[in-house]
Amino acid sequence: MQFWIIQGLNSLSLGGLLFLLSSGFSLIFGLMRLANLTHGAFFMLGTYFGAISLRNYSGLNIWVAALGAGIAVAAIGGLFERLILTRLKTNPLGQVLVTLGMSFIISDACLMFWGGDSIPVPTPQSLQAPTRVFGFVFPTYRLVLVGCAIAAAIALYFLLERTRLGAMIRAGVDDRQMARAVGIPVSRLFTIVFCLGAGIAGAGGVLGGPILSAYPGLDGDMLPLALIVVILGGIGSLLGAFVGSFIIGFIYTFGSALFPELAYIILFLPMIFVIAFRPQGLFGRVGA
Amino acid sequence: MASDALSLTNVHAFYGDSHILHGVSFSLRPGGVLALLGRNGAGKTTCISTVVGFLTPREGEIKLFGESIAGLSPERISRLGIGLVPQGRRIFPSLTVRENLIVAGQRENKSEKPWNIERIYSMFPRLQERHTQLAGTLSGGEQQMLAIGRALMGNPRVLLLDEPSEGLAPLIVAEVGRTIKRLKEEGQSIVLVEQNRQLALEVADQAVILNTGRCVFAGEASELNEDLIAQNLGVFRAH
Ligand SMILES: Nc1ncnc2c1ncn2[C@@H]1O[C@H](COP(=O)(O)OP(=O)(O)OP(=O)(O)O)[C@@H](O)[C@H]1O
Ligand SMILES: [Mg+2]
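Residue numbers (the numbering used here), protein chains in the order written: chain G, 1 to 288; chain U, 1 to 239.
Bound conformation, chain G alone:
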């Protein structure tokens, strides 16, 4: 019983992390029609920023580190979008190459600066004591992580559904050309959404640190999961990213625990069916 409960919680916390990663990926794809293959690297960069700053400044807490890393990664993402991606607006293959190339550059830079050994991110002291619920013992940090993902989902929902900026973003997703014709500065929205997505991934990277640690290859481990989440949930759909993240969190966690040698098959096989029978994903719009 303890096994199922603990793996269930692990699934939820992985799902939460996946949401922090894939919500931005999905928004960027929805608005910009850009598969940002740098997204995993943004997440990893966040983890490294968190690991290094927490190692070097003992007084720092993980929330401040996550905020700082989120802002730093958002700024890096913004520069990348402004300086390079804007030049490739009408060149999808170029975008794939450049975002993939950028992710290699970031991984190599991390390797160069911080070496090949994994760097742990300590769990905050106040959350180290386990929480007991109904006689079961839960790692408190993982519970808090799920809470963070839910809070991020609610905040994003309000931003997108309840503000003028959010409505402008959705108008751009609906009909980019017509949005420009009513005066919506779509290319500025691109930058905002790109920064936001990169920033959430960067902050998510820090928050995932205590579970994952910073290590070379973290980006490559995370990116395929983000892709799968978005394909499953539906591209550009926040709800899809949310539901998809938790489904994949469960499939991946239980798959690796029960059939470790089949984990990737268990993960990818359902995707093939989704693509074949429901290409728009669970919550995506047809034609989007």
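Hints may be right or wrong, so weigh each one.
As the list claims (entries may be wrong) - Footprint (simulated), chain G over chain U, 3 or more residues, beta carbon under 8 Å: (1) 23-34; (2) 64-75; (3) 148-154.
As the list claims (entries may be wrong) - Derived coverage of chain G by chain U (criterion: at least 3 residues anywhere in the stretch with Cβ under 8 Å from a Cβ of chain U; other residues may be distant): (4) 170-177; (5) 180-190.
As the list claims (entries may be wrong) - Estimated spans, in silico, between C-beta atoms of each pair: (6) Leu60(G) to Glu67(U): 51 to 59 Å; (7) Ala169(U) to Ile275(G): 36 to 44 Å; (8) Lys181(U) to Phe273(G): 55 to 63 Å.
Treat the hints as calculated values from the structure; they're not laboratory data.
All of these numbers come straight from a predicted model, not from anything done at the bench.
Cβ atoms here follow ideal geometry from the backbone N, Cα and C, with glycine treated the same way.
Chain G is already provided as a structure; the job is to place chain U with the ligands on it using the hints.
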């Protein structure tokens, strides 16, 4: 001499390699309504697309109250005062009625009596009744009202309407006609593309006829004669 509200001079436009507009020239007087007529495929929408910046003219000049707008981005052109009611309406289907209007509101107001959401609602009460409804679920007529309201939210100095009566029931077409007249009375400068010639000529004081991307007539609506119409408009669509 006061400048024209909108003027095109020798405009050439292409889709890729296909040359669609071959030196189009006409001008709209401030406060006037210009009917832009022509058969299917004559290049009316291409002309509109070039004015709003979807297409960049390869040659020629486009001026809005004397200021050149050719080659600017659509968002710049919109902010300078061109409002578009596009063919096919193209409202934002996943936004509510209200959101469709809000996203098109512009801060810099150019007119003394600016449009805002309340004024739009009082002109189209149906939109107010449905303000929280997703725009994609509106009827065709309601979508057309919304498309007009959305364009007005930008307080355009020149309003472009591309076939606003297309695909609508006669009763709704009449309402669109009344709306255009009302806007004209308020002094709104308008370019009206129409297949429904009767509707167009009821309100227009100027007219332009395009035929395969060339202006075959540009002048006062009253100067249009049956020969010109028969040669260049024909009867292609039942209306
Ligand atoms: N996106 C496009 N790419 C290539 N050619 C196009 C495109 N859009 C229109 N055309 C061509 O340009 C010409 C003019 O089309 P346009 O849409 O301007 O006509 P129109 O006068 O608006 O006709 P309608 O009354 O049917 O709306 C047509 O021959 C059409 O086939
Ligand atoms: Mg047309």
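Okay, the hints, checked on the actual structure:
1. 23-34: violated (count 0)
2. 64-75: With 3 residues closer than 8 Å to chain G, the region 64-75 of chain U meets the three-residue bar; holds.
3. 148-154: That given contact holds, which follows from 4 residues of the region 148-154 of chain U lying within Cβ reach (below 8 Å) of chain G.
4. 170-177: With 6 residues in contact (Cβ-Cβ under 8 Å with chain U), the coverage given for the region 170-177 of chain G holds.
5. 180-190: holds (count 7)
6. Leu60(G) to Glu67(U): 51 to 59 Å: 54 Å, holds
7. Ala169(U) to Ile275(G): 36 to 44 Å: 42 Å, holds
8. Lys181(U) to Phe273(G): 55 to 63 Å: 57 Å, holds
The structure is inconsistent with hint 1 alone, although it conforms to all the rest.
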